[in-house]
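Protein chains: 2
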Amino acid sequence: MNRASDRVFFALLSIVVGTGCIVTRAQQLPGATPNPQASPAATIASVAPQPLARNLGRDEFTLTTDEGMWLLNDFPSKQLQKLHGFAPSKEWLEHVQLGAVRFAGGSSGSFVSNAGLLMTNHHCASRCIEQLSTAQRDYVKSGFSAKESKDELRCPNIEVNELVAISDITEQVNGATLGRSGAEYHAASKSIQAKIEKDCATSSELRCDVVSLYRGGRYHLYKYRRFQDVRLVFAPEFVAAFFGGDPDNFMFPRYDFDVAFMRVYENGRPLVTPNYFPWSLAGPKEGDLTFVAGHPGHSSRELTVAQLEVLRDRSLPDWLLHLAEGRGMLTEFQRRGTEQKRISSHLLFSVENSFKAIQGRVAALHDPAVFAAKVAEENALRERVSAKPELKATALHAWDDIAEAELRFEAIRLPYLMLEQGRGFWSELFDHARRLLRSTTESTKPNEMRLREYTDAQTPVITRQVGSTAPIYDDLEILTLTHSLTKLREELGPDNLLVTRVLGKLSPLELATRLVKGTRLRDVKVRKALLEGGVSAVAASRDPMLELARAIDPEARAVRKDYEDNVEAVVEKSSELIAQARFDILGTNAYPDATGTLRLSFGRVLGYEEGGKFLSPFTDFRHAFDRATGSEPFLLPKSWLDSKSRLDLSTRLNFCSTNDIIGGNSGSPVLDRDAQIVGIVFDGNIHSLGGDYVYEPKRNRAVGVHSAAIIEALDKIYRAKRLVEELQAARP
Amino acid sequence: MNRASDRVFFALLSIVVGTGCIVTRAQQLPGATPNPQASPAATIASVAPQPLARNLGRDEFTLTTDEGMWLLNDFPSKQLQKLHGFAPSKEWLEHVQLGAVRFAGGSSGSFVSNAGLLMTNHHCASRCIEQLSTAQRDYVKSGFSAKESKDELRCPNIEVNELVAISDITEQVNGATLGRSGAEYHAASKSIQAKIEKDCATSSELRCDVVSLYRGGRYHLYKYRRFQDVRLVFAPEFVAAFFGGDPDNFMFPRYDFDVAFMRVYENGRPLVTPNYFPWSLAGPKEGDLTFVAGHPGHSSRELTVAQLEVLRDRSLPDWLLHLAEGRGMLTEFQRRGTEQKRISSHLLFSVENSFKAIQGRVAALHDPAVFAAKVAEENALRERVSAKPELKATALHAWDDIAEAELRFEAIRLPYLMLEQGRGFWSELFDHARRLLRSTTESTKPNEMRLREYTDAQTPVITRQVGSTAPIYDDLEILTLTHSLTKLREELGPDNLLVTRVLGKLSPLELATRLVKGTRLRDVKVRKALLEGGVSAVAASRDPMLELARAIDPEARAVRKDYEDNVEAVVEKSSELIAQARFDILGTNAYPDATGTLRLSFGRVLGYEEGGKFLSPFTDFRHAFDRATGSEPFLLPKSWLDSKSRLDLSTRLNFCSTNDIIGGNSGSPVLDRDAQIVGIVFDGNIHSLGGDYVYEPKRNRAVGVHSAAIIEALDKIYRAKRLVEELQAARP
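Taken in sequence, the protein lines are chains A and B.
Under our numbering, residue 742 is the last one in the first sequence; the count climbs by one each step, no gaps.
Under our numbering, residue 742 is the last one in the second sequence; the count climbs by one each step, no gaps.
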């Protein structure tokens with residue numbers, strides 16, 4: 011499935027995996043390349059960006075496949091008309107922009123009623139479901155259904171963003187960085203973006219992000235309306251949502267009821283909104299045109315060959331090893347008991363999901379045909395750059411500069427990952443400690459000089475994170491912190507000065523236990539008091555986790571600065587040059603790589619060939635029952651077994667389509683040409699994993715839950731009458 | 011450290027890692043290439059092989075570095091004289107051949123007294139130590155010291171082999187396979203080797219192995235005297251033997267007391283033997299010439315570029331992932347309690363050791379300089395082959411044939427690993443079941459037609475394994491079997507027919523529990539009765555583990571046959587052609603790749619540069635105490651702390667030398683020019699890991715325990731008076 015959790019550990023990972031978490035540049039990894047996001051100004055403008063390349067024929071290209079995660083403000087309607095006989099209007103696109111929302115932390119959702127009802131995947135809501143559960147009342151296991159409005163439960167740590175405006179700020183950004191490089195480039199770029207975002211986010215109800223598209227070829231400012239009161243309305247049992255578990259993950263045929271409903275509240279009441287998608291009871295038929303509007307997190311189709319090599323040979327294998335070890339550890343931890351299983355299941359899911367996704371990507375990069383195509387494409391572009399004297403002088407060195415920066419990164423990769431990216435301190439309590447330490451320190455600096463995740467525009471994010479009431483489990487904290495401290499020692503060496511300073515004469519387990527048992531940062535009140543007390547309160551604190559964060563901060567900041575100035579800045583600037591050269595030479599018949607921001611893809615409901623036979627694009631309830639073994643992960647819940655006789659077993663359950671999606675798209679609505687909900691995307695098939703690098707039209711498929719299945723199950727299995735009525739009332 | 015356990019799971023792994031387990035061809039992995047071992051006839055011949063390439067100047071080459079794992083029957087004494095001023099005589103070499111023994115299952119040792127006293131590493135003896143321990147009497151933790159002869163404890167499953175004769179059988183083997191290819195080649199090769207080995211092993215006291223050297227360039231027959239009554243005499247505490255644990259593993263400076271003593275018995279009495287090495291109390295000084303006589307398990311210096319690519323991109327990364335997950339699982343399993351820790355510590359050590367070793371190898375293969383050198387070397391040879399018309403016709407296609415075979419292997423890799431190599435059934439009880447099923451089945455066939463591990467020459471091995479009294483722990487069995495059944499389903503898919511047949515409606519945990527709790531194969535008497543009862547007894551058994559082994563046997567045999575006929579046979583035959591071409595063109599100034607058989611390397615006690623400073627080749631007791639933290643893995647045992655004041659802290663503890671060693675060499679004696687013991691090898695440094703592919707003279711180092719440290723510790727820490735006296739009496 012296309013998603014990861016929002017822990018720091020996985021926030022970094024999500025960039026590599028492309029799970030669409032909100033990606034700050036602080037979390038960049040070379041080879042997975044820069045993807046800046048942060049923003050300025052503009053009132054709530056209409057969707058009217060500058061044309062991408064004014065001097066090139068934007069309208070002249072032809073679509074031949076369903077490839078593309080297109081910008082809504084630059085959608086190829088005209089071309090789609092030729093390919094699929096339908097051209098979305100400006101109004102259609104505006105409506106979709108407002109109805110398709112983003113979950114801060116990654117993943118997608120949509121409004122499905124005028125009373126703020128949101129639909130997303132169970133696996134996107136599962137951290138909330140887990141956080142609302144206790145040992146006595148485990149909604150992960152039992153599912154959840156709010157009988158009445160008052161039963162809807164507020165999620166401790168969910169924020170939903172609705173994209174209200176996009177504006178083009180390319181000239182502003184480029185003007186600020188013109189003629190600069192290295193640390194100067196980095197400082198200028200960070201500074202202008204922080205300013206733009208601050209000027210834009212005029213209230214805490216707004217969030218503004220500068221989005222770098224085409225790897226710096228264009229900069230757009232995305233302005234969101236933020237909703238922080240989000241309540242759980244309905245969730246099925248985990249086993250129904252994730253039927254088939256890891257073995258079936260990224261597979262098709264599929265039988266998952268991976269859907270959940272939440273509701274956005276405003277001032278204590280359900281949000282009243284016209285921006286919702288009505289429900290199609292019939293759902294899609296084979297061959298139907300489908301749209302997916304969501305937030306693909308990250309793709310790597312524009313990377314240079316040098317960057318792909320680093321991904322293939324270094325970054326991805328390294329992540330796989332970390333995930334594999336974490337998987338073994340968590341799997342065994344779960345066997346300790348029911349409670350251990352409950353508190354770690356979301357984390358284990360994230361680990362397994364990321365593992366399988368990255369494995370697929372590595373396999374794609376090892377596919378000689380894929381890699382040869384990438385090499386050929388790059389060589390062709392470089393040749394054409396060489397042939398143009400002015401481009402040759404300004405842009406040809408960009409590829410080599412990136413390759414060199416990747417080499418430079420290799421030299422600092424380990425300390426950077428360990429100290430700055432959470433690999434050495436895998437702990438939510440540590441994350442809290444660092445957040446308190448840094449946010450208070452940074453807030454004393456001018457906005458433009460701060461670490462980017464602590465600029466004024468980010469204040470609401472910090473406030474939400476510090477005030478989160480999500481439970482923190484000591485057992486799990488000790489487990490992950492012990493593990494990561496062991497890795498810290500393993501990777502940097504037991505004689506490394508920082509390692510000896512951190513561990514002293516303690517073992518990783520002893521230190522982790524002492525820190526987790528000794529810290530008071532699990533208490534929201536303590537955290538809020540420290541945040542409000544600012545630098546002096548934090549400096550005065552003898553909290554052991556804060557002391558640890560403080561002890562390693564100089565080294566962590568130093569390696570980050572080294573990375574930002576000598577790796578990231580070089581890659582960003584060079585990528586910009588390549589993007590510009592590509593515009594100059596090849597025009598703009600292209601969508602930019604995924605950036606965790608709203609995109610629209612189109613496609614058709616279509617099966618594909620696998621193992622010598624052509625698969626139908628649909629599955630049904632009957633075959634789900636056939637496939638059940640009675641044991642996880644092929645266990646159907648009691649609610650399903652009890653309702654079997656009532657169900658129309660031929661109702662379509664899951665389906666696949668040619669839509670081009672990637673991690674972060676989970677929870678995206680699948681829409682028909684009338685912008686009605688015909689399903690919800692929850693996965694891509696195994697052939698979609700190479701989609702990080704290339705879209706392969708023959709077998710790359712998005713996998714979704716059919717709209718008919720949702721009504722059938724809500725009605726006959728879950729007896730969720732109120733919800734069914736609300737969805738039916740939302741019909742056009 | 012250079013060793014792995016002898017479980018099936020790791021037997022395969024050991025080939026990849028090169029840990030020197032006894033490698034049967036059944037355990038080959040392409041990319042790690044064939045390495046046949048099995049054998050015929052000859053009385054106890056003298057060490058007089060045919061010259062390697064009669065038509066080429068064997069004596070004309072010059073040694074420039076200490077590279078080489080040389081054959082004792084083809085040792086470059088003359089060249090060594092020029093390089094180091096000493097030429098071992100024929101008698102010197104014969105004496106070393108008999109004094110340096112092999113442990114069946116991998117790793118090395120040596121006779122150090124005329125009463126059958128053996129020295130090896132603690133980590134080579136640790137399975138025995140673990141098997142002799144119980145929850146109440148844990149020798150892993152407390153160490154072991156037999157006060158008197160009667161206190162020496164028999165190891166449940168140790169066999170020691172002394173190499174008594176080598177003969178050249180190249181012509182016999184080549185004659186049998188001449189003009190054949192594929193399945194025919196394989197059958198002919200297997201058949202002649204089985205015949206030769208059977209004719210040689212005229213009693214159960216003998217073991218005979220055909221050894222393929224230079225990847226089929228030469229075939230030698232190794233005849234061993236076997237000893238199965240081996241008793242534990244002395245072992246230090248695990249924490250002293252493995253001080254620094256995984257973080258310090260493969261590192262230098264080092265502080266490990268990684269030594270153990272055993273004794274070979276014959277007819278219930280200590281073996282009387284003249285073939286032992288006397289003890290040097292002084293040990294080596296900086297710059298001293300040192301010899302290491304041992305059993306390097308496997309190296310890959312002769313592999314083709316295509317094979318190295320498979321290792322780098324497929325096999326090794328795949329193994330790393332398996333090891334990483336196993337490591338996470340076992341680490342967490344150990345935290346369940348003292349008993350879990352005790353019963354799994356050897357296994358975890360094996361996993362971590364292999365992981366670190368393979369990581370080093372992958373890093374070496376990703377070193378552009380290393381790989382470019384390999385490519386250049388191969389291209390040069392291919393060019394010279396192309397230039398000779400007769401070679402061009404016969405040998406040039408060999409490289410492409412190997413590349414093609416590797417591709418073919420990729421298509422069957424997963425089922426082959428899962429079904430035939432133990433990946434899907436990681437369980438000692440399953441190993442017993444398969445052994446009983448197959449040995450009884452195979453014994454009804456003509457010797458030459460059997461699976462190679464069940465030929466007559468292997469009967470004593472089977473008997474020993476079936477009759478092993480080593481304990482089997484249900485908890486650990488369920489853990490590893492559950493894990494591997496999960497992998498079976500994951501890798502082959504839940505809809506795979508064999509997977510559904512194996513699992514039915516059960517989860518991997520349910521099935522593993524049912525099998526482990528239900529089988530009676532942990533009982534030696536039951537196993538012996540089945541072995542004696544033969545095919546009919548096994549067929550009549552309803553033991554669930556046997557039924558599982560039977561249920562998957564057709565598919566397992568089928569994929570093995572596919573592998574042997576279409577991959578292994580092609581690689582073997584092609585490698586032979588390349589080896590012959592190399593002899594023709596480049597002569598024989600080369601040692602063959604390691605094959606788990608006796609080799610002699612030479613070198614000097616020498617430090618090296620690391621991180622900008624030159625390291626001394628010695629460490630001492632003082633710095634071990636300085637490094638101790640009081641927590642594992644930097645914990646010194648109480649015996650050390652209590653004895654500190656008695657010790658001469660300046661006594662040298664560990665040392666490094668330029669000897670070219672690799673996994674399997676663990677436990678090898680380090681000898682001076684008088685063939686006196688000056689130390690014992692227990693590891694290579696981190697720079698030695700790339701030694702699988704190239705020897706890097708500047709920093710590749712063998713790491714050993716100094717002979718002076720052994721006496722100092724036995725005398726002052728362990729008060730092992732009887733042992734010290736025996737070693738001192740063994741002085742020349």
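Worth double-checking, as some hints may not be accurate.
In silico DSBU-like pairs for lysine-lysine, Cα to Cα no more than 35 Å straight-line [to be verified]:
#1 A:LYS351 - A:LYS157
#2 A:LYS515 - B:LYS654
#3 B:LYS527 - A:LYS515
#4 A:LYS351 - B:LYS527
#5 A:LYS654 - B:LYS515
#6 A:LYS623 - B:LYS151
#7 A:LYS515 - B:LYS623
#8 B:LYS623 - B:LYS384
#9 A:LYS648 - A:LYS571
#10 A:LYS351 - B:LYS351
#11 A:LYS571 - A:LYS535
#12 A:LYS648 - B:LYS654
Everything labelled a hint here was simulated from the structure, so no lab data went into it.
Hint check results:
1. A:LYS351 - A:LYS157: 28 Å, holds
2. A:LYS515 - B:LYS654: It holds: about 19 Å lies between the C-alpha atoms, which stays within 35 Å.
3. B:LYS527 - A:LYS515: 43 Å, violated
4. A:LYS351 - B:LYS527: Distance of about 24 Å is within 35 Å: holds.
5. A:LYS654 - B:LYS515: Holds: LYS654 (chain A) and LYS515 (chain B) sit about 19 Å apart, inside 35 Å.
6. A:LYS623 - B:LYS151: 58 Å, violated
7. A:LYS515 - B:LYS623: 26 Å, holds
8. B:LYS623 - B:LYS384: 30 Å, holds
9. A:LYS648 - A:LYS571: 54 Å, violated
10. A:LYS351 - B:LYS351: 22 Å, holds
11. A:LYS571 - A:LYS535: 33 Å, holds
12. A:LYS648 - B:LYS654: 66 Å, violated
In the structure shown, a violation is registered for the earlier hints numbered 3, 6, 9 and 12, in ascending order.
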